[in-house]
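Novice: What follows is each chain in one-letter form.
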Amino acid sequence: MMDEIRRKQLTDKDIQKRLMRRLSHSHPTAWIFFTSGVILFLLMLLSLRFGAAELTWEMIGEAIWNFDATDTAHVILVDLRIPRVLAAAVVGASLAVSGVIMQALTLNPLASPSIMGVTSGSAFMIALGFALFPQLSHYQLIFWSFTGAALGAGMVFSIGFFTQRGLTPVKLALAGSAVSALLQSLSTMIAIHFDVARDMSFWYAGGVAGVRIESVTVIALIGIIGLFASLTLSRSLTILSLGEEMARGLGLRIGWIKLISLLIVLVLTGAAVSIAGAVGFIGLVIPHMTKKIVGLDYRWVLPISALFGASLLVLADIGARVINPPYETPVGTLTALIGVPFFLFLARKGGRGWK
Amino acid sequence: MEMRNQKSAGRYTRQSKRTIKLFLFLVGVLLVMFFVSMGAGHLTLSLIDIFKTLIGSGTDSHALLLFQFRIPRLLVAVLVGIGMGVAGAVFQGITQNELADPGIIGIHSGSGLFVVMFLYLTSLYEGSQPWCTQLSLPFVAFIGGITAALMIYILAWKSGVTPVRLILVGIGLNAGFSALLLLVQLKMSDSDFNRALVWLSGSIWNASWQSVWSLLPWILIFLPLTLYKARILAVMQLGEEMALGLGTRVEKEKFLLLIIGVAMAAASVAVAGGIAFLGLVAPHLSRRLVGGKFLRLIPITAVVGAILMVVSDTLARTLLAPAEIPVGLIVSVLGAPYFIYLLMTIKD
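Respectively, the protein sequence lines represent chains A and B. Using the UniProt record's numbering, read the first sequence as starting at 1 and increasing by one per residue. Using the UniProt record's numbering, read the second sequence as starting at 1 and increasing by one per residue.
Hint data in this document are derived by calculation from the structure and do not stem from the laboratory. All values derive from a computational prediction rather than experimental measurement. Please note that the accuracy of each hint is not assured.
[Claimed, not checked] Example chain A residues on the side facing chain B (calculated, C-beta under 7 Å, incomplete):
# : residue
1 : Thr163
2 : Thr333
3 : Ala336
4 : Leu337
5 : Val340
6 : Leu344
Glycine included, each C-beta is placed from N, C-alpha and C at the ideal position.
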């Protein structure tokens with residue numbers, strides 16, 4: 001390719017385009033996108049049906065086409081199940097996309113929202129919010145969650161900044177654990193002192209049960225905006241993921257790209273955590289899986305990760321309902337049980353990624 | 001040649017003398033903190049009151065407060081400080097990584113998982129004796145800790161174990177154990193759930209003489225053993241190749257030390273719950289004071305760990321009085337920044 005560049009005197013834009021072409025897998029990626037979309041849709045339908053109260057397909061159809069407010073089944077479906085499945089999908093997609101962006105930015109295969117301290121930062125600020133203003137509205141909750149996400153990520157990033165030769169995967173994991181431990185201890189203290197432990201315990205377990213439609217619409221809007229914003233950056237992310245020198249050589253404005261991507265990450269995870277609490281490992285597992293299947297072209301990696309992430313959380317949420325009915329199993333523990341073996345797999349490689 | 005030997009021997013005794021002096025000084029500090037802490041809390045006692053009560057001429061309520069609540073609790077703090085501090089030093093010696101904290105690499109959560117499962121199972125049987133449960137807890141925790149340690153070791157094994165893999169695998173397993181822990185907790189009745197929750201966040205507020213007696217034998221057996229094995233740790237510090245060359249059967253000794261370390265950490269966890277960062281901060285501060293030689297490091301670490309626990313427990317009782325903060329949270333809030341500082345300055 002280098003010869004070609006010299007011979008034809010290509011511009012930066014041309015080289016970028018050719019690079020992108022090389023990185024796309026030969027797979028018909030569009031088919032993967034389409035199939036995962038169908039899978040997500042089917043899982044969401046299943047999720048509407050199963051749970052403490054079993055509904056039939058006829059009841060679901062009827063509730064959608066002619067809703068009857070006096071029918072309990074209809075009310076369960078519209079007030080409980082639909083918001084819940086939408087929330088699961090949006091949260092899963094947001095966390096997965098955040099993970100993709102973080103791994104591309106830091107070139108660190110272990111980077112993901114829960115490991116980077118974003119989740120515990122959100123939980124900490126939400127605890128503080130509950131303590132200072134007991135009657136938090138949805139919007140305020142999301143705002144506190146954003147600031148917390150920024151706080152957690154900011155702490156881990158600044159540790160990386162002040163560390164000689166940056167953060168290796170091990171140091172990143174250790175820094176994340178330390179920051180999480182610190183923030184979690186502080187939130188527990190706040191919870192004990194202000195007696196808001198009951199409100200907070202939910203955030204540590206994680207889950208989308210009891211989500212209301214008003215908050216889902218806000219989160220969904222934020223999620224869709226964030227996803228599209230990340231798509232506009234997808235080409236730059238692809239090149240950035242090959243290394244900063246390469247990106248700088250190809251005329252990318254790295255500072256801006258990093259800043260904007262970081263903002264997207266904070267907005268997406270902040271929104272996700274404000275609604276679902278600490279749901280770990282989706283942002284770690286899904287990006288690796290997607291890159292393995294799709295290749296390194298982020299124009300495909302981003303949307304397909306979103307679909308995979310959404311599918312995984314919808315599936316985990318079904319699991320949460322059916323494993324031990326009528327009790328709910330926290331979704332966070334289910335994703336951890338899926339995520340930990342994968343993390344161990346990466347750890348055995350010394351945190352060098354799935355190649 | 002002889003001259004040089006004499007000289008180094010002279011330096012050696014001088015350093016040993018310095019270590020002994022430092023040790024005595026730290027023990028003095030510990031005693032002072034112990035007395036101060038006896039008076040601190042929701043009900044404040046003056047030093048005169050404490051003294052009167054100790055020689056048997058105080059009021060009954062003071063005697064009850066001191067002998068049934070504060071003194072056993074402080075003794076537990078001291079023992080836990082020794083156990084976790086020394087365990088941390090041992091782990092850092094084995095893994096040759098100064099950032100190996102038993103809490104971060106999943107030993108605590110492994111022990112915790114087994115203890116909570118045990119509490120759950122015994123709560124199903126009517127008529128199990130509370131003191132019997134209390135005494136068997138360290139054993140259960142020990143089995144859990146060993147299981148965790150072996151899992152870390154096996155999963156990190158890929159034609160040898162590197163410190164990097166060991167820590168990463170430990171962090172992953174820690175997350176897994178914590179998730180399982182939550183699942184078991186949710187199966188429990190409300191009162192057991194709360195008991196487990198308080199215990200898990202690292203708390204000694206309900207420590208009694210029973211807890212002292214269940215922990216003391218473990219420390220009394222394994223602390224001297226650690227000192228006995230300290231020489232081997234020192235050899236391992238030189239690097240594995242050197243140790244092999246010197247004829248130490250490294251893997252076997254490593255395994256023995258691992259068991260000793262897990263025993264001390266797990267027994268402490270059984271009584272006080274998961275107190276993170278103590279096993280990291282105590283050895284590090286001590287290394288600052290006396291350097292890395294394990295024969296000197298271990299006794300100093302034991303006292304420093306005890307002081308840290310007594311101070312943290314005093315803070316836990318007084319900061320938000322009359323409410324109690326679990327002491328593990330205080331240790332985390334103090335220890336995590338120190339850990340982060342280490343992380344930023346340490347060389348690979």
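Novice: Please go over all the hints and tell whether each is borne out by the structure.
Specialist: Hints and how they fare:
Nearest Cβ of chain B to the Cβ of A:Thr163: about 5 Å, under the 7 Å cut. The hint holds. Interface restraint check for A:Thr333: the shortest CB-CB distance to chain B comes to about 4 Å, inside 7 Å, so the restraint holds. With a least beta-carbon distance of about 4 Å to chain B, the hint placing A:Ala336 at the interface is held under the 7 Å criterion. For A:Leu337, the suggested interface contact is upheld, since its CB lies about 6 Å from the closest CB of chain B, less than 7 Å.
For the restraint placing A:Val340 at the interface with chain B, the shortest Cβ-Cβ distance is roughly 4 Å, inside the 7 Å limit, so the hint holds. Interface hint at A:Leu344: satisfied, since its Cβ lies 5 Å from the closest Cβ of chain B, which is below the 7 Å cut-off.
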